[in-house]
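Asks: First to last, the sequence lines map onto chains A and B.
Numbering of the first sequence is given in my numbering, commencing with residue 6 and proceeding in unit increments.
Numbering of the second sequence is given in my numbering, commencing with residue 20 and proceeding in unit increments.
To be clear, the hints were calculated from the coordinates, so they are not data collected in a lab.
There is no bait here: all hints are sound.
Listed below are the simulated EDC-like cross-link pairs for lysine to aspartate or glutamate, each with C-alpha atoms no more than 16 Å apart in a straight line:
#1 A:K9 to A:D35
#2 B:K40 to B:E62
#3 B:K40 to B:D114
#4 B:K72 to A:E25
#5 B:K40 to B:D57
#6 B:K128 to A:D51
#7 B:K128 to B:D186
#8 A:K9 to A:D79
#9 A:K47 to B:D44
#10 B:K32 to B:D116
#11 A:K11 to A:E31
#12 B:K128 to A:D92
#13 B:K120 to B:D44
#14 B:K120 to A:D51
#15 B:K170 to B:D144
Bear in mind that the values here come from a model prediction, so they are computed numbers and not experimental data.
Take a look at the letters that make up each chain.
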Amino acid sequence: MADKTKLARQFIQAIPHAQELGMVLEEIGDGTALISMPYDTKLIGDPQSGVIAGGAVSALMDTCCGAAVMCHPDAPGGTATIDLRIDYMRAATPGQTITTRATCHHITRNVAFVRAVAMDDDADRPVATASGAFTVENGF
Amino acid sequence: MSRPRPEHIQVVKQRRDAALKALLDSVPYIQFLNVSFDRRGDELTAQLNFSEKHIGNPFLPAIHGGVTAAFLEITAVITLNWSHLWERIESGALDPDEMAKGILPRQPKTIDFTVDYLRSGLPRDAYARATISRAGRRYASVHVEAWQDHKDKLFAQASGHFLMPQDGDKS
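Hey, can you work out the whole structure from these sequences and the hints?
Replies: Dropping the structure here:
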């Protein structure tokens, strides 16, 4: 189990696009992952308000959901996204780090089901939620 | 019957290209992902110009699912905004020079976005086109399809809902 978490951690930290977005893996284990992404002006999607692009939040959600699958006790290896739905509840406050927590709440031999929530400093009012289905791969 | 003399081809092209460029240049994230657009009349095709920083799984290698989602969402928002602003660009109500200075109408806001990953994204350029299923006064529904080598072998598709900017929104 500890080995699986370690492997998942190494894998997530080696993803070129996750590094490009400045993602930091804060917690991982037992089918749950917490990843943060600091505010950066290059990620702005709305020039008038300085709000981060929805796409950058999608990339954070997708990475975090994948991490949650890989560290699930019943997952044998890697994973790929089958489908991901994101609901954007409000604009993230410019300047604040976005943190995502994903949970792999059900896994079969072939499919893993994941839910995630994204927050800024005001953790009581989520910025976005996601739900998705992921493949269950035997290797990485 | 008489009609006004049509504008010169260069005048038309220059206005449309300048307006589109202003929309794209205003969004840092579009530059960051290196997404460009091809225009034919009012029809847009988006292009994700491949870079190593788009990789999600270095072992395959494959494009990050988040990059695919972001690319499709950019295609949807820009296509929707472009179609929403088209009449005002054509009539001259929107001046491309002013737009280039950052004086732009507010963009549509994403309400929800669902991406269907059909096959793994290969480490090369990708293309996408969005179709507006319904453009209402408040809400719009958009579908996007993305491909790499073959137009009829999609690697991803998405659909989403957007909140249109209202007249009262401050810009």
